[in-house]
Amino acid sequence: MRFFDPMRIFDPHIHMTSRTTDDYRNMHAVGVRAVVEPAFWLGQPRTGLSSFTDYFDSLIGWERFRASQFGISHNCTIALNPKEANDPRCVEVLDVLPRYLGKDGVVAVGEIGYDSMTRAEDEAFVRQLALAVEHGLPVLVHTPHRDKKAGAARTLDVVRESGADPGAVLVDHLNEVTAPMVADSGCWLGFSIYPDTKMDEHRMVALLKEYGTARILVNSAADWGRSDPLKTYRVGQAMLAAGFTPAEVDTVLWQNPVDFYSRSGHLMLDEDISADAEVVSFAGNSVLRGGS
Amino acid sequence: MPYQEEHPWLVTGVHGGSSVAILQAPENGWPAGAERRIRERPAAIHKEFPLAGQAVGRVPVQPETDPQGLVFGTVDDQARARLLAVLAEVLPAGALETEVERLYRHGDDAERRGVLRALSLLPDSSVRLGLELVADGLRTNDPRLIAAAMGPFAAEHLDQAQWRQGVVKCLFAGVTLSAVADLVARTDSELLRMARDLAEERRAAGREISPDLRALLGMTVLMALVPPRAEDDRR
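From first to last, the protein sequence lines stand for chains A and B. In terms of the working numbering, the first sequence is residues 1 to 292. In terms of the working numbering, the second sequence is residues 1001 to 1235.
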């Protein structure tokens, strides 16, 4: 017996390393079948290169296995994050990034961008955008939590100057204030749905009504802080309640992340996912047929 | 507790997302091209090695009898083994081990598995490195790495104490003992004692005895007369 409406979900930004196996189980129960885990800060600052490489190795090794046990395909993005770009002990990680960027399941360079908008962050951002262009990978750009509007504007300037195709750039953690400029830039729009801060599912639905479903990704960005790995599912529920069709929900929660990260050529999805939550045409509407 | 519930990956599959439809193969005839490029310039293996899964897929070699690819490996394991065999032909001892170690240490789960499964193809100069990598693989909790570590190289080179620990690790991790090369030849009375103790612990806890553990216990009758091998005995 299913307690939830069938829905297939791809969470395009979630830090599973910080989550429990119960989370994996609950995510699978509501329809999550794929995730992307961006490399980021761990809360406790790192002090050297090997802390980064051990972390990256777990993203392309142990975490992938952990997810597979719960029927979830795990992919990741690799980068030096903006916060630690300011620590000279960590900057040498930029030299080892290329060895990760050709690997299966490494679907973008990210999270890169600004935290405090320092000179060191500028340098790491520009260098990693160039790496993404060189390796033909999409980019996941984090926008700062403080001074967000100015940070987002500066972010878009840097992206424009890098020569990266805006269609291969996802600008994340947006809200009502920063969404319009990103929509105008041609980049993809990412929204993180949080219990208290950032966005909630009802504001998200309002934005979807305004912007439509194209080029929009919704994520839980769940990590070691107060966050909820089922927020993507809640958005799906809120969309249905607001009158969006199941096909539109599928576009936002599945097809858009697949389209964006497929550009890498490295996206790994299990073969049975499409069979498990198959979209079938029913009475002129697409309905989602869930697995057991 | 049912045995399969302890190891959910036995049901969900662990050979990794292998949706060929989504992956773009780098080129047709990749295996031959990759082998040629490595012969011409051995360092090219660092670019080719990660591409194997995209190029040939990631499905088990014998999906019917070995759905997890733990016993016979996966098609990308086989492709990586061919690349390593070529590398061993073109690089002298010393240089070969440096590159193989880099491939493993810088590899993702599939690449590390590929190195472990190919160790028996490498020359004697690689035995010391191979022992280090097998020990690394056996320290993980990833059944694919554990299974790959207990292949023919381990059967030939692990000392008896390490080898027994590897077998028991398989039992703990849910890895079928079919993945252990030369199981019958290397089993000694000490391993059977360890297996009996494990079974006793599981019975006391009300946990199911796996078919593999049951089969190993079945060997007790025949093997109990075999004296334990010395701890440093490698064969």
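Calculated from the structure, these hints are not laboratory results. In this text, all values refer to a predicted model and were calculated from it rather than measured experimentally. Heads up, some of the hints might be wrong.
Listed below are several chain A residues computed to face chain B (Cβ distance under 8 Å; list not exhaustive) [claimed, not checked]:
| # | residue |
| --- | --- |
| 1 | ILE60 |
| 2 | ARG64 |
| 3 | PHE70 |
| 4 | ARG99 |
| 5 | LYS103 |
| 6 | PHE244 |
Yeah, the Cβ is synthetic: ideal placement off N, Cα and C, and Gly gets one too.
Hint check:
1. For ILE60/A, the interface hint holds, the least distance from its beta-carbon to any beta-carbon of chain B being 4 Å, beneath 8 Å.
2. At its closest, the beta carbon of ARG64/A sits 6 Å from a beta carbon of chain B; the interface hint therefore holds under the 8 Å criterion.
3. Against a cut-off of 8 Å between C-beta atoms, the interface hint on PHE70/A holds, since the closest Cβ of chain B lies about 7 Å away.
4. Using the Cβ-Cβ criterion of 8 Å, the hint placing ARG99/A at the interface with chain B is satisfied: the shortest such distance is roughly 5 Å.
5. Interface hint at LYS103/A: satisfied, since its Cβ lies 5 Å from the closest Cβ of chain B, which is below the 8 Å cut-off.
6. Interface hint status for PHE244/A: violated, as the beta-carbon distance to the closest one in chain B is roughly 26 Å, over 8 Å.
Consistency note: the structure conflicts with earlier hint 6 alone.
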